[in-house]
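Protein chains in written order, with the working numbering: chain A, 0 to 118; chain B, 0 to 118.
Rather than coming from a laboratory, the hints here were simulated on the basis of the structure. Idealized CB from N, CA, C, for every residue including glycine. You may find that some hints are simply not true.
As the list claims (entries may be wrong) - Quick partial rundown of chain B residues pointing at chain A, CB under 8 Å, derived from the structure:
{"#": "1", "residue": "ARG61"}
{"#": "2", "residue": "LEU75"}
{"#": "3", "residue": "LYS98"}
{"#": "4", "residue": "ASP101"}
{"#": "5", "residue": "SER103"}
What the hints assert, rightly or not - For lysine-lysine, the following PhoX-like pairs were computed, each having C-alpha atoms within a straight-line distance of at most 25 Å:
{"#": "6", "chain 1": "A", "residue 1": "LYS83", "chain 2": "A", "residue 2": "LYS98"}
{"#": "7", "chain 1": "B", "residue 1": "LYS98", "chain 2": "A", "residue 2": "LYS28"}
{"#": "8", "chain 1": "A", "residue 1": "LYS28", "chain 2": "B", "residue 2": "LYS83"}
{"#": "9", "chain 1": "A", "residue 1": "LYS64", "chain 2": "B", "residue 2": "LYS72"}
{"#": "10", "chain 1": "B", "residue 1": "LYS98", "chain 2": "A", "residue 2": "LYS72"}
{"#": "11", "chain 1": "A", "residue 1": "LYS28", "chain 2": "B", "residue 2": "LYS28"}
{"#": "12", "chain 1": "B", "residue 1": "LYS83", "chain 2": "B", "residue 2": "LYS72"}
{"#": "13", "chain 1": "A", "residue 1": "LYS64", "chain 2": "B", "residue 2": "LYS98"}
{"#": "14", "chain 1": "A", "residue 1": "LYS83", "chain 2": "B", "residue 2": "LYS72"}
{"#": "15", "chain 1": "B", "residue 1": "LYS64", "chain 2": "B", "residue 2": "LYS98"}
{"#": "16", "chain 1": "B", "residue 1": "LYS98", "chain 2": "A", "residue 2": "LYS98"}
Unchecked claim - Counterexamples of contact, computed for chain B against chain A with all Cβ distances above 10 Å:
{"#": "17", "residue": "LEU10"}
{"#": "18", "residue": "VAL34"}
{"#": "19", "residue": "ASP37"}
{"#": "20", "residue": "GLU46"}
{"#": "21", "residue": "ALA87"}
{"#": "22", "residue": "ILE89"}
{"#": "23", "residue": "VAL102"}
{"#": "24", "residue": "ILE108"}
{"#": "25", "residue": "ILE115"}
{"#": "26", "residue": "GLY116"}
For reference, the chains in residue letters:
Protein chains: 2
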Amino acid sequence: MCRVIDMNDILERSLLYDFYGELLTDRQKKVYQAVVFDDLSPSEVAEEEGISRQGVHDMVRRCEKLLQGYEDKLGLVARFSQTKDLVAQIRQQAELFRKTGDVSCVSRIEHISMEIGEL
Amino acid sequence: MCRVIDMNDILERSLLYDFYGELLTDRQKKVYQAVVFDDLSPSEVAEEEGISRQGVHDMVRRCEKLLQGYEDKLGLVARFSQTKDLVAQIRQQAELFRKTGDVSCVSRIEHISMEIGEL
């Protein structure tokens, strides 16, 4: 079977699961992990769990909807990602300072760190 | 009435509400905000909402339990606080560099920013 793998999609799913996965039931977690992260086929998971392929499919869809619902309400993945992006900028400025000795890099670091404080 | 105000407690409640408040119902949010943040008495809120003082008290307790439950499961307030603490350290190092010109501050900034990347 040919699957088109979208890395952004995988990253997005990983982040949502990393942030909100613990709000799923143990069964939901087990099935979702198996299909989405361990890349098992719905048939394999269905057999293991003693439910239908459709049941597996529905459970994965339901989990996706729940996880996305939490993010829609709380926006914590977005908030954390913004912070991480700004921290990456700080690291870049520190590296640039090391290479060039340009002190304005450190001013920018101070500025960015204050921006993060306001998030 | 004399109330002992614990600032850490207020901060903790604010953070929990800031992170997970949107998972409460509109009614829960309204009552919780009125009592906890607007500092209205349970009697005032009870009258406004048309419920008993005990009802208000129970709802506030229930909200606290829910918010703390989300944090116990997800730990996102703790994760975010760790990040903020490290960012504050970056800001301090940048200020120290501005005052002393000590380039080791920038190495420390680079180190801390990598630490944040691993959170």
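Against the structure, the hints:
1. ARG61: violated (18 Å)
2. LEU75: holds (5 Å)
3. LYS98: This interface hint is violated because 11 Å lies over the 8 Å limit.
4. ASP101: violated (11 Å)
5. SER103: violated (11 Å)
6. A:LYS83 / A:LYS98: holds (23 Å)
7. B:LYS98 / A:LYS28: Distance ~51 Å between LYS98 of chain B and LYS28 of chain A Cα, so the pair is violated.
8. A:LYS28 / B:LYS83: violated (30 Å)
9. A:LYS64 / B:LYS72: Holds. LYS64 of chain A to LYS72 of chain B sits at ~19 Å (cutoff 25 Å).
10. B:LYS98 / A:LYS72: violated (43 Å)
11. A:LYS28 / B:LYS28: violated (29 Å)
12. B:LYS83 / B:LYS72: Judged against 25 Å, a Cα distance of about 20 Å means the pair holds.
13. A:LYS64 / B:LYS98: With a Cα-Cα distance of about 51 Å, the restraint between LYS64 of chain A and LYS98 of chain B is violated, given a limit of 25 Å.
14. A:LYS83 / B:LYS72: holds (22 Å)
15. B:LYS64 / B:LYS98: Given that 25 Å is the threshold and the Cα spacing comes to 46 Å, the pair is violated.
16. B:LYS98 / A:LYS98: Measuring from Cα to Cα gives roughly 21 Å; hence the hint holds.
17. LEU10: holds (15 Å)
18. VAL34: At roughly 22 Å from the nearest Cβ of chain A, VAL34 of chain B sits farther out than 10 Å, so the non-interface label holds.
19. ASP37: holds (22 Å)
20. GLU46: For GLU46 of chain B, whose nearest Cβ neighbour in chain A is about 30 Å away, the distance exceeds 10 Å, so it holds.
21. ALA87: violated (7 Å)
22. ILE89: violated (5 Å)
23. VAL102: At roughly 8 Å from the nearest Cβ of chain A, VAL102 of chain B sits no farther out than 10 Å, so the non-interface label is violated.
24. ILE108: The claim breaks: ILE108 of chain B does not keep its Cβ more than 10 Å from every Cβ of chain A (closest is about 5 Å).
25. ILE115: violated (5 Å)
26. GLY116: violated (6 Å)
Of the numbered hints stated above, those contradicted by the structure are hints 1, 3, 4, 5, 7, 8, 10, 11, 13, 15, 21, 22, 23, 24, 25 and 26, listed in ascending order.
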